[in-house]
Amino acid sequence: MAEVLVYVDHVDGSVRKPTLELLTIARRIGEPVAVHLGAGADTAAPVLAEYGAVKVLTADAPEFADYLVVPKVDALEAAVAAVSPAAVLVPSSADGKEIAARLAVRIGSGIITDAVDVEAGDEGPVATQSVFAAAFTTKSRVSKGTPVITVKPNSAAPEAAQAAGTVEQLAVTFGDKATGTKVTSRTPRESTGRPELTEAAIVVSGGRGVNGAENFPVIEALADSLGAAVGASRAAVDAGWYPHTNQVGQTGKQVSPQLYIAAGISGAIQHRAGMQTSKTIVAVNKDSEAPIFDLVDYGVVGDLFQVLPQLTEEVKARKG
Amino acid sequence: MSLRIVVCVKYVPDATGDRHFAEDLTTDRDAVDGLLSELDEYAVEQALQIAEDADDAEITVLTVGPEDAKDALRKALSMGADKAVHVEDDDLHGTDVVGTSLVLAKAVEHVGYDLVVCGMASTDGTMGVLPALLAERLGVPQATLLSEVSVEDGKVTGRRDGDAATEQLEAALPAVVSVTDLSGEARYPSFKGIMAAKKKPVESLDLSDLGIEADEVGLEGAWTKVEDATPRPPRTAGTIVKDEGEGGKQLAEFLAGQKFI
Ligand SMILES: Cc1cc2nc3c(=O)[nH]c(=O)nc-3n(C[C@H](O)[C@H](O)[C@H](O)COP(=O)(O)OP(=O)(O)OC[C@H]3O[C@@H](n4cnc5c(N)ncnc54)[C@H](O)[C@@H]3O)c2cc1C
Ligand SMILES: Cc1cc2nc3c(=O)[nH]c(=O)nc-3n(C[C@H](O)[C@H](O)[C@H](O)COP(=O)(O)OP(=O)(O)OC[C@H]3O[C@@H](n4cnc5c(N)ncnc54)[C@H](O)[C@@H]3O)c2cc1C
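So the protein lines, in turn, are chains A and B.
The opening position of the first sequence corresponds to residue 1 in the numbering used here, with each subsequent residue numbered one higher.
The opening position of the second sequence corresponds to residue 321 in the numbering used here, with each subsequent residue numbered one higher.
Just so you know, these hints were derived from the structure itself, not from any lab.
Glycine included, each C-beta is placed from N, C-alpha and C at the ideal position.
Treat the hints with care, as some may be off.
Said to hold, decoys possible - Example chain A residues on the side facing chain B (calculated, C-beta under 7 Å, incomplete):
{"#": "1", "residue": "A101"}
{"#": "2", "residue": "V142"}
{"#": "3", "residue": "V315"}
{"#": "4", "residue": "R318"}
{"#": "5", "residue": "G320"}
For reference, chain A alone in the conformation it holds in the complex:
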């Protein structure tokens, strides 16, 4: 069976959930071969094997951390040459998309970004995208070269399927462009203890209606009762009430959780672009005319400062 390369997104060998989703998707097309770059391959390999990686190609070098994107492209290019895969799947993160794009040009292939699903097709993998702020669903395929496809988080439920996961060293020669962009400092994002926004099954977001940073705990309390991530509209972020890293929307994070709760958010097109593919959408807004209500499965017209605390109490009570 044809091999499918899966680029591993990890923090020091701790594999992030979107990669497990990709391994699951890769099995529909062929045999997953994981590419792990940087430290921690020993930690990652058993997890990758558990989710179906027949092989784990690994390389570690200071270049991966010290320079932007290109060293990883060099490595992935080497992996493509070693394996001749039927497709290359990469998580749709900022780095992932750029790595995938440069790889595509290098190997003379087309690229599809932000797929929400990938299936096997007669002429190669077919990717589903949700476009124009989720107003359209498209099906596309790469028609030249080895399909390079980036896939959004939450596009599949990770399914375990034990495979060998044999670890092999990948020989990488860095080109002279690899050291073009130096990373002079890096500040990892502080963990809040809450789920990662893009990966969370439930997201609770607050907007301008939250009316101040001091009120965001109302959103956080509901999120914590549900085990959810916290999001924010750009209006709330621009006002400095919540960090930009939590912004949901066109220029923020694109989320696709099982449940999205929008509180005090009107539902502007740019916000919708980031959450419209959520499976179930709930809104609390005091304006019954707010466009967000056009999207909802359940809406409450009311003051979020009344509705949310009551909901939080109720959730806690029901969860015991």
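Since the structure of chain A is already known, use the hints to place chain B with the ligands on it.
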């Protein structure tokens, strides 16, 4: 020596309009008015600020797009860019991102550059990969997704707010950068700027000027193929209740019914 800045700007259908696909599954550009992609205004703004800080700089705005795409160039010129280049050719219809990056790379080389500035993503395709592709094709460093950017001593530095970390980047010119919407509000064109823009030069180029064959771009030459585009089925109207004091409890009931609690 003058700093040559090229800003890539895209002409896109208005995101607040009712966007559609045409019969050949390319973007239907007739259905909705076009405009300069809002996120590219941030690129023009940063280019203007970099130019203001430099002793001597010249800003060229560049677009690949249909006839009407001149509107996007005019907007950028009215903000303060010096001149414009429009790559326009019937054979470009349906070009995908790999093809677009080829055309932009050739055009950037044609203009001559020390720094290329792009937006973080277009508001229609929203792939956010073109700047990286351009850097790959030009063989120069990329410093992308910057929320702060400055150019000094032949180097570009900036802050990249990534998924997992905030990084400080540094690259020697020539380089390609892309800037996010956190880089700073874009200025409005002044009346003077709008009048001046009318007199600024707009150079039109076609594929042959750039030495590109028709079959390297367009729908036929594309590296990807859209097989199907379906409008999302209208959502079945959700339940909407008015809070009369029990709104939170009713919502909890709904969430429990959906097995979220
Ligand atoms: C290029 C570009 C990119 C953008 N990218 C994004 C993006 O990524 N994400 C994003 O979110 N926006 C984005 N925007 C901004 C977007 O257009 C909207 O301005 C923004 O989403 C509005 O945020 P909001 O809904 O919180 O605020 P508003 O539109 O002001 O809505 C606030 C809502 O809160 C309700 N409300 C007020 N008080 C209460 C209360 N006590 N209880 C209940 N409800 C209450 C009001 O009825 C109102 O509906 C972008 C804009 C541009 C031009
Ligand atoms: C809904 C939709 C989905 C698409 N999906 C794919 C896909 O999966 N694969 C694929 O190969 N193509 C795809 N395309 C086509 C692709 O959008 C175009 O080829 C486009 O010109 C480049 O991609 P982008 O608009 O997403 O740009 P981005 O990569 O999002 O743009 C980033 C920056 O590049 C610059 N830029 C982009 N295009 C131009 C231009 N024409 N002129 C000047 N500067 C420009 C701007 O500075 C912009 O801010 C899609 C198009 C649409 C409308």
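Now for the hints, and whether the structure bears them out:
no.	hint	result
1	A101	holds (4 Å)
2	V142	holds (5 Å)
3	V315	holds (5 Å)
4	R318	holds (5 Å)
5	G320	violated (11 Å)
In this structure, the one hint that does not hold is number 5.
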